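Asker: For chain A, the structure is supplied; the task is to place chain B on it using the hints.
If you read the protein sequences in the order shown, they are chains A and B. For the first sequence, my numbering gives the first residue as 1, with consecutive numbering after it. For the second sequence, my numbering gives the first residue as 1, with consecutive numbering after it.
Hints are computed from structural coordinates only; laboratory data are not their basis. The structure displayed is predicted, hence computed values, not measured ones. Errors might be hidden in some of the hints.
Just so you know, same-sequence chains aren't split out, so a pair can sit in one copy or run between any two.
No more than 27 Å apart at the CA atoms, straight line, and that leaves these computed lysine-lysine pairs for DSSO-like [stated by the list, open to error]: (1) Lys13 x Lys222; (2) Lys192 x Lys222; (3) Lys256 x Lys218.
Number of protein chains: 2
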Amino acid sequence: MAQIIDGRLLAQKIEEQIRQEVGKMGIKPGLAIILVGNDPASQIYVDSKERACHRVGFYFEEILLPREIGQEKLIEIIKLLNENPNFHGILVQLPLPGHIDEIRVLSAINPKKDVDGFHFSNLGRILVTKRNTPDDALIPATAKAILLLLESTGVPIEGKKAVVLGRSNIVGKPVALLLLQKNATIEICHSKTQNIAAECLSADILIAAIGKPLFVTKEMVKEGTIVIDVGINRIEDKFDPRGYHIVGDVDFENVKNKASFITPVPGGVGPMTIVMLLENTLRIVKNPDIV
Amino acid sequence: MAQIIDGRLLAQKIEEQIRQEVGKMGIKPGLAIILVGNDPASQIYVDSKERACHRVGFYFEEILLPREIGQEKLIEIIKLLNENPNFHGILVQLPLPGHIDEIRVLSAINPKKDVDGFHFSNLGRILVTKRNTPDDALIPATAKAILLLLESTGVPIEGKKAVVLGRSNIVGKPVALLLLQKNATIEICHSKTQNIAAECLSADILIAAIGKPLFVTKEMVKEGTIVIDVGINRIEDKFDPRGYHIVGDVDFENVKNKASFITPVPGGVGPMTIVMLLENTLRIVKNPDIV
Numbered sequence: 001m002a003q004i005i006d007g008r009l010l011a012q013k014i015e016e017q018i019r020q021e022v023g024k025m026g027i028k029p030g031l032a033i034i035l036v037g038n039d040p041a042s043q044i045y046v047d048s049k050e051r052a053c054h055r056v057g058f059y060f061e062e063i064l065l066p067r068e069i070g071q072e073k074l075i076e077i078i079k080l081l082n083e084n085p086n087f088h089g090i091l092v093q094l095p096l097p098g099h100i101d102e103i104r105v106l107s108a109i110n111p112k113k114d115v116d117g118f119h120f121s122n123l124g125r126i127l128v129t130k131r132n133t134p135d136d137a138l139i140p141a142t143a144k145a146i147l148l149l150l151e152s153t154g155v156p157i158e159g160k161k162a163v164v165l166g167r168s169n170i171v172g173k174p175v176a177l178l179l180l181q182k183n184a185t186i187e188i189c190h191s192k193t194q195n196i197a198a199e200c201l202s203a204d205i206l207i208a209a210i211g212k213p214l215f216v217t218k219e220m221v222k223e224g225t226i227v228i229d230v231g232i233n234r235i236e237d238k239f240d241p242r243g244y245h246i247v248g249d250v251d252f253e254n255v256k257n258k259a260s261f262i263t264p265v266p267g268g269v270g271p272m273t274i275v276m277l278l279e280n281t282l283r284i285v286k287n288p289d290i291v
Numbered sequence: 001m002a003q004i005i006d007g008r009l010l011a012q013k014i015e016e017q018i019r020q021e022v023g024k025m026g027i028k029p030g031l032a033i034i035l036v037g038n039d040p041a042s043q044i045y046v047d048s049k050e051r052a053c054h055r056v057g058f059y060f061e062e063i064l065l066p067r068e069i070g071q072e073k074l075i076e077i078i079k080l081l082n083e084n085p086n087f088h089g090i091l092v093q094l095p096l097p098g099h100i101d102e103i104r105v106l107s108a109i110n111p112k113k114d115v116d117g118f119h120f121s122n123l124g125r126i127l128v129t130k131r132n133t134p135d136d137a138l139i140p141a142t143a144k145a146i147l148l149l150l151e152s153t154g155v156p157i158e159g160k161k162a163v164v165l166g167r168s169n170i171v172g173k174p175v176a177l178l179l180l181q182k183n184a185t186i187e188i189c190h191s192k193t194q195n196i197a198a199e200c201l202s203a204d205i206l207i208a209a210i211g212k213p214l215f216v217t218k219e220m221v222k223e224g225t226i227v228i229d230v231g232i233n234r235i236e237d238k239f240d241p242r243g244y245h246i247v248g249d250v251d252f253e254n255v256k257n258k259a260s261f262i263t264p265v266p267g268g269v270g271p272m273t274i275v276m277l278l279e280n281t282l283r284i285v286k287n288p289d290i291v
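Pulled out of the complex, with its shape left as it was, chain A reads as follows:
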């Protein structure tokens, strides 16, 4: 029976440290989030980030833009925020509508204000950073969250086989590179992987970030594996007042009997991701020339 990794508790501890640190600062760290369109799920994420900012004493602004906005107009707005000294961090909530090139838009953010760490130059810094010194980069919040959750178990990462399911630019690839820095053997699986169950069975650390509800079953997990579930999937549920409930990419109820440690959904990676965003913002305030 696995130990449950309590992401909420760990996030609260770090958030409290941030709140205290901000209280002693002469300036108010500022975060701007651009939201394009009115996707309800994205709005929920932005609202959570706003509440977290307020809890720790950050200045927060949401820039809500119409779904139809042109790419160049969006980039102009980003450039204004790049110049605005009230904002230490700028974040564009993903996904963007289909007519907008996500990579081009993210590349318009000043890398020194790129709290999400999604600018290609910040991702490149993760790739080249020397082992065990990732502090001179802005690391994507989810990847950093996963690393801290793993480290909270006390189990050494070095020499472990880490299998990452999912190859997104913002989770799968950066977390694999971070674990490689920590001397794990890393493997990235995805929709084209043949016999994904066998690959998962080779994992000492299994990170599920593919956005498929309950994809990882107990047959895919070796006894004693550490399982980190990044998935946030809505399942229709007429008994839930919201009309849905949230599940991860892992069949938690069955996998927990084989894993040594496991993160729940909700209450695992999610809360930690938000606090890592606060931490990245604070790191920029303390070191404007961080990158």
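Answerer: This is chain B only, laid out in the frame that chain A set:
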């Protein structure tokens, strides 16, 4: 019995295309190579690159600097080359002496002239580039060479398990990311990997880039695997007029009986790497705003 992948022949074909293209151009593509110190192995590599430049009609200059040069002085020289319109490509021959921070020096090269593709922003572009469209980046020559050698076999990469031995910034990590773009499942192994033989046995494509002579034995290779040997190791040899001979990271003589395709050393990755460097230079000439 494996088919031998003839890197020399493939390189000659591509070099001839480049030579013809340069002949029709109004300008002479220019490449500057900075060599710090007088390491004989590095000098041999630089000389090969110089000969290749001359064969295809490039302008070439070697900037030979003393081993004791300070890091800031070296960076100043790079900045002068960044401004010099005669040079479309700039390359700093690695390794650098221990007192110089390689990452900082490589970061000083203008990314638009970074023919080696080692600048963190160019490496980041490989990470974020959309699948199957890596053409908007400067890809490290060795990684690109490996990809073309694999594609020359005619065997589809998609869905294959590719195991990369070695996690350098300039070979292991970029080639793994390129293969991921091509829909391979990727794994990176290194000195801290436990049971590396078992990991190798899971490979459909095995890329050896760890700099250990004859490390990969036939016991580590599954029947039918495609084996790419990036190693260039000097073995003392009193019967050789040079006093040494070159071997790869793979025990070629024994592994070739199990592999489906295999690259020899020399004559495999090496010649292709040099021609990929020419190609990167030419791509910059044709598109100065390539990145």
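Asker: Hint by hint, note whether the structure agrees.
Answerer: Do the hints match the structure? See the list:
1. Lys13 x Lys222: For lysine 13 and lysine 222, the Cα distance exceeds 27 Å both inside one copy (31 Å) and across copies (49 Å).
2. Lys192 x Lys222: both (22 Å within a copy, 21 Å between copies)
3. Lys256 x Lys218: within (8 Å within a copy, 39 Å between copies)
Hint compliance for this structure: hint 1 alone is broken.
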